[in-house]
Amino acid sequence: MNAADTALAAPAARPAPGCTTEVVTDEAAFAALGPAWARLYRRCGAATPFQTHAWLYSWWRSYGRRGRLRLVLVRSGGELVAAAPLMRTGGPLPALVPLGGAISDYADVLLDDTLGDRAAAALTGALAREARGALLDLREVRPGGAAERVY
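Per this note's numbering, residue 736 is the first one in the sequence shown, and the count goes up by one each step.
Treat the hints as calculated values from the structure; they're not laboratory data.
Heads up, some of the hints might be wrong.
Cβ pair distances, simulated, as ranges [what the hints assert, rightly or not]:
hint, residue 1, residue 2, range
1, G753, P784, 29 to 35 angstroms
2, G813, D840, 29 to 35 angstroms
3, G825, E875, 29 to 35 angstroms
4, A863, A764, 20 to 26 angstroms
5, G780, G825, 32 to 38 angstroms
Ideal placement from N, C-alpha and C gives every residue a C-beta, glycine not left out.
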């Protein structure tokens, strides 16, 4: 890795200024996120119906497996400003994959449009930390999806 690569990789190692990150693995905590998730959803212009809390939580209750939930969240001033609804899969190469599986037309993350690149930078760092040793597999993201800002 050269110096330019190191400089590009360094910001992903820590949260963006003014942001805190967390990973939710508990189903009850996921349920409680409904109101905050709905506010974030309204501030994300790239969101589709497949990123609503109602869709994702209902999918998780039907198809999720205990111990695999990984909601990567970013907050600023206590308000939810970014979310990546994922679950961990096993196998020879562990992976983080979007909730919603094959029955969702699109998968994506949610980013608060009013924060510009700050929410994307914080989520990118949090995803890098959570995916350590695993593949981050964001399939079925439509062109113009919020995940493009993370990429």
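Outcome of the hint check:
{"no.": "1", "hint": "G753 with P784: 29 to 35 angstroms", "result": "30 angstroms, holds"}
{"no.": "2", "hint": "G813 with D840: 29 to 35 angstroms", "result": "32 angstroms, holds"}
{"no.": "3", "hint": "G825 with E875: 29 to 35 angstroms", "result": "21 angstroms, violated"}
{"no.": "4", "hint": "A863 with A764: 20 to 26 angstroms", "result": "22 angstroms, holds"}
{"no.": "5", "hint": "G780 with G825: 32 to 38 angstroms", "result": "35 angstroms, holds"}
Of the hints listed earlier, the one the structure fails to meet is number 3.
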